[in-house]
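Enquirer: Now for the letters of each chain:
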Amino acid sequence: MGKANRWVKFYQKSQMILFIGILIVPVFYVLISGQNEVSQRENRRLNQLPTFEVSQYFDGQFQLDMEVALKDQSIGAQWMKTTYNALKRALTNQVYIGLSYLPYREDESMASANEGQDSDWKGDENTVTPGDISTWDYNILPMGNDVLKIQSTNTLIMPSNTKDQWQPVLDNKSQNINALVSQYPDIEFYVYYIETDHDVNFIEALNNHEIRDYYFTSLSDRVNTDSQSVDKLEDITDYFFATDHHWNMAGQLRGYQRIVNLLGEIPSSNVDVVTLEDAGYIGSKAKKIDDFTYEDNFGYLINRQLKYKTYVNDVEGPINQKLTYDQGYYSKEQGVNHYALCYGYDVAKLTYDFNQEDKDNLVIFAASFSNPINELIASHFNQTYVLDMRHFQRDYGEAFDMTTFMATHDVDKVLFTGYYSFHANDVFLVE
Amino acid sequence: MVFSSYTFLFLFLPITLCIYYIAPGRNLKNLALFVCSLVFYAWGEPVYIVLMIFSILNDYTMARLVDHFKDHKFKSKLFLVISIIINLGLLGFFKYYGFFVENVNSLLGLGLKQHNLALPIGISFYTFQTMSYTIDVYRRKIPVQKNMLTLATYVALFPQLIAGPIVRYKDVAHELEHRKETVKDFTEGARRFMFGMAKKVIIANPMGFIADTIYNGDVTEHGTMILWLAAIGFTLQIYFDFSGYSDMAIGLGKMFGFHFHENFNYPYIAKSITDFWRRWHISLSTWFRDYLYIPLGGNRVKALRWVFNLSVVWFVTGLWHGASWNYVLWGIYYLVLLLLEKQLLGKILSRLPRVVSHIYTLFLVVIGWVLFRLEDLSVLKTVLKKMFVYESSLSSDFLFRYQSLYYALPFILLGLIASTPILKKLRGEEGTLSLSTVAIDVLGAVLFVLSIIILAGESFNPFIYYRF
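Chains Z and R, in that order, are what the protein sequence lines are.
So the number in the numbering used here is just where the residue sits in the first sequence, counting from 1, plus 81.
So the number in the numbering used here is just where the residue sits in the second sequence, counting from 1, plus 103.
Chain R extracted, bound-state conformation (with noise of 0.2 Å):
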């Protein structure tokens, strides 16, 4: 089940939040809460919620035992590394087995099989949340979760279980046995929730229409202007479909009494890669310092060691993204990038013009996205020649061609529009009234119906030769 969707709007959500304002007392409300999340993972993964189910076993378990043992080091880190083996095992068993194979065939001419099971639907976010709850209760971070209908109410919670943002369990655990739900944070969290679909489903899906029409074609047909089209409708349709999801379940927490951490800052407005990478998915960067740079040694060793350490985050974090070599090129082209500036460029931008460096961090953010968004590496050096050695996308059916995009072009200008914080400003701070606070929260009331609206029109199909 996705937010923006039929089914989670007018069946789902007011279901959930009927039962659980209706249950009475905290664990009668995370017991509504767990259960509804389960019903709303099953509802996509009718078989795979069982994998949940374990991940949440897993780490209940090995944590009480990683608690039980704290004074013996040995057995401590012993469950420790096993509950890590075991949630690393899930997720390369199904999100990387393929790829291992793939490369393990092609370098050695092996005839290995692959499983074909299909990846479970957020088991990227929830097995990092549930290491990252293992890993914080052995460096006693965080006390050990006894009740596991607690725990498993913070690991399953719908608002963040399939997309994110990373929750990591210090920063919720008071509010799963002591959260207070007020209007103000409903209805903010109603605000939030209704921007980010609006996100999602006015800008993100006619980007992404933009992109997938031009990338999933022959991309031997287009000329450089249209793949740098493509390339700007995913740079705008990732960042708003990811942002949007985001929105929406830190609006959805809200409704519910929690308050997750932001997890984009705005990333298109960086004067920096460095400054981007701390806009861009925060809570995936810092769970990758906490859990892997840091524990590496961060930026306190040696200069070489320094650059292996980052090598290693940056390399895992573009499998993190997909098993195909495309994401680690792109991980890899982030840490050239970030290594650079903080050798060389780095000074250089600050002492630049705000709109240079702007200019030259979104330069570089698209191209990184091209090599995100293509797999096939041959298309990929296509599109990438293309788009830098010119080539005309003029012809004579060129305005009939492309007519498909037509309705979605304006929608860059919002896109663009939307990725200032022009309406965070213009609204003002939260818990006042004035005339700003009510339009902007009319316009939210209308992109929501908009999209509502959108969802709908989607859905429109004509059965052209119906009986004839």
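Bound-form chain Z, shown alone (with noise of 0.2 Å):
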């Protein structure tokens, strides 16, 4: 009995000490490792722990603060995200799996995700409705936080946007560039759309154009338009990273040579396509969903006669890390960056100085999706002028003005390029 009793004290001693010494490790750990700054995985800088303010204590500031800095600074937290991420998506995927055997569809008639499952159905082209895409070979798989995959490629893709819902964005910004086109009428207007996965309603299978269409036909008459439109399954899986909302290098090529088109210019043969053997890229919707199981291949466009002078800000300077990757240098750390690193991050202006006297000067009114392609563009003008109205503030402390930037820049040409989320946002509007 007192041997028993031993082993029971015993017990109970050891778990109190594992107890005990779950709670103290993470923090002694920070204590003695000291606090981790980034995380490449989240894409973000990490909390710190927080000094304590008064003022943000009564607020509640400091102890949310205190909070996710725990999370993001204790042994183990990127792990733990991770594994919890994973833990998610595979419940996710099961359960989907599981639930797709169930007879879950009102009605026959509609076209549904699905019908793409069905290999030996392709649907009647003869009765296909315009838009209907079921015929398109897709299997798409939820992966949560609102991604799903398309199976055979591992493309991950974004939910569909409809025109009703983008429409009051849409207008605002149809009559901005119809008040620029009015105030400026010396000047040459040019909106280039990409469609990309949200343009497409995969689950409803269904691609209509209509947020383009409604875009283009509320357009001035003297805005010259054109896009990079989804047409097939293809124009997503060939054209776009499959883990990024960005273009990869073939829709760049693609990209550069219609909007080149479009300026009235003749896209240059001199560009090379460079793929990188060792530097896998983890893009934005990967990073969403913390699913690191699938990398694409990054590379570049670059034209190496090219002879210019760039400014970032009005600041002489490299503009983006281009060169250096095309001399090999560059990071081969999982989850790095690579489309900011090597393409150039967003700011406010950037400037690309040609020195061709004969030829127009280009504003062009962007977010990220030209930063691969800026100075191929720009090889075709003397002076381009990059625009990203979202970093004015920040970068010059004050927002844009068009007026004044008119007055002091000498135009011929602007452009308005990206996907949906630039073409339909308040925070790209000139002012």
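No wet-lab data here; the hints were simulated from the structure.
All of these numbers come straight from a predicted model, not from anything done at the bench.
Some hints here could point you the wrong way.
[Unchecked claim] The list that follows gives simulated cross-link-like pairs (lysine to aspartate or glutamate, EDC-like), each with its CA atoms no further than 20 Å apart:
hint, chain 1, residue 1, chain 2, residue 2
1, Z, Lys244, Z, Asp312
2, R, Lys374, R, Glu444
3, Z, Lys413, Z, Glu358
4, Z, Lys90, R, Glu291
5, Z, Lys494, Z, Asp267
6, Z, Lys413, Z, Asp482
7, R, Lys484, R, Asp321
8, R, Lys249, R, Asp274
9, Z, Lys90, R, Glu284
10, Z, Lys244, R, Asp174
11, Z, Lys403, Z, Glu414
12, Z, Lys94, R, Glu284
13, Z, Lys94, R, Glu291
14, R, Lys249, R, Asp174
15, R, Lys244, R, Asp174
Two chains, two separate frames, one set of hints: put the complex together.
Expert: Printed below as a string of structure tokens:
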């Protein structure tokens, strides 16, 4: 009895020590090893343990900051988040697969994503209604966080948008552009709309280009328009990164060629497409679901014959690291944001000076989509200014003012280019 | 501060344990516990901590006066009434004033203004605790506590301060001054805490996600099946959230040498509504029984008076849970069911097979939780109608429409299993050591670590367009 009692006591003491150990280790770890600055995986700076301030304590901010910092900094924090996300994804997939065996369709005549799963049924092309993509060959799997995956190509796709959803914002954009067109009659205006997975309803198998078409019909006749359309599945899988919302090298090349054509120029044949064998790219969609199991091949477009100067926010300096990448100097760490590092971060104003005074000056209003091909487009012009409305307040301390800009810059052509998030977003309106 | 947070687990608790166990002597230990409890409360309520301290001072003073004038019935009662008025006044002002004003304005067309002050955390719990202390002193069930620190420790004790169980002073009076901390109690407490954490994080949170996703959107978009899913989700959420928290509170209490009473006794295995209410939030139902129902006369009165007494108790029980008519409706719902069982159904149920009475109970409890969950009465009406008049949930995008819920669905099964006392039976008696004991304890530790992982995982916050 005594021996059994001793074993029970030993067992209880062990449990106590284990429990206290679990409580103590995370903070001890932070105190000893210091705090981590950045998470490549989450693409952000990690929260640091806050210093106490009375005002922040009374409004609850100190407490919130402490909680998030502990979760970011404790031992194994990244591993825990990755494990949790992987479990969540696995559960989502398995439950979806289980449920997909249920008879779920209410109306047999309605097209659905699962039609694509039945490889024997491709639809009757003679009776397919406009926008019906039930003949596209795809299987989609929910990945959590509203992200879906086209299984055959590991392409991650986002929920589609509808014209009704974005109409007010599209109206604001078209009115903004039309006002500029009226205000500057001597300038040529161009709009290039890049359709992406956001424009296609993979769930209900519909692709009617309604956002693009509505947008274009709202623009003035003086605006020259073109788009990079999604007309078949390969327009997504071949021209966009599987893990990112941006276009890949093939999409960038096609975009460069079409944009330059739109602007009345002839694309250069000296553009090389470089694919790096050892630089895997994990983009925004994969990071949203914390799925690092699949990597895109990363690369860039380059015209090695170009000679030009560049200015970032009016200060002379390199815009990107494309040349560094071209020399073989780039990180091979998983999760590195190659799109930003190689093509350049988004800033308020980039200037490309090609010193070709016989050519026009171009303004490009853009977000991040044009980053990989800015200098290629600019090579057809004298001065090119790439302006990102989001960052003027941050970089110049004041919002962008078109009147002031036009008074101090000689501009012949203006291009608006991007995907739906650029065209249907008031933050990009030009004031 | 909540128990299921990193701040509590990895900062507050280890520091508090360290300070407490280093402190020599009972008084210093109580002081350490009191100060740490104040820090705990002030973490979430840096301003309203003053209110809690006021509540402590109020009932300390009033109880001393009640005791001092114990031979003068009128004066003794007067101070008791003052204490109750102050406590209920505080509760009424912060919790019910808005509800009162809204209804008066609506009924009488007045334009009374609301105060828009936030509800202090835990006020429903600590005012009831302090009231019960003063009442019990008046009733001479307990001697008055002359040591303010001891009383303050009782009221502010962080394990049960913000979400119960409602601990009566008489249940911890001896332990406040004479408790003995043991390794056995500590480990039992730690185990209880770990399982409580798992109930909250692993089961309650996903269930809450299911319920919130469905109820917080446009309920007219959902069909019968989905609304039943939401009802079941909420049924499991509220139980595991509340009982998980109670488990953590009881476990924490044990780590400091306190033995609180059980607050839940597997209510979802109840075989009648009467049985359910003997198992659900026991500390609240017994509080109302002892301090409201019995003083009104209980069931030792004529039938009509008895119904009145029950009506008052259930009206107040509903209202205690929230300042909204749906909570009152919920209380009345149970009043009607209990009356029916006492008068008619009780005997019938006792003769039925257990599975039938169990299904009957669960069905009614789930409906009750729908009443509890939906504060908007028009939404409640719509939901109840759709739950009983079939409407298809199926659509062409059905599989993808609810994809965000998928990861949570398997936890329904876990919740149903964990609603039964199977683990308790498998583990066996406390203080014994067997294979099943060790296996269950290992499971508890694994679930605790999993809870910690989930808490970290839920903070995953990728910046998609960082400088981009």
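Enquirer: Out of the numbered hints, which ones does the structure contradict?
Expert: Of the numbered hints, 6 and 10 do not hold.
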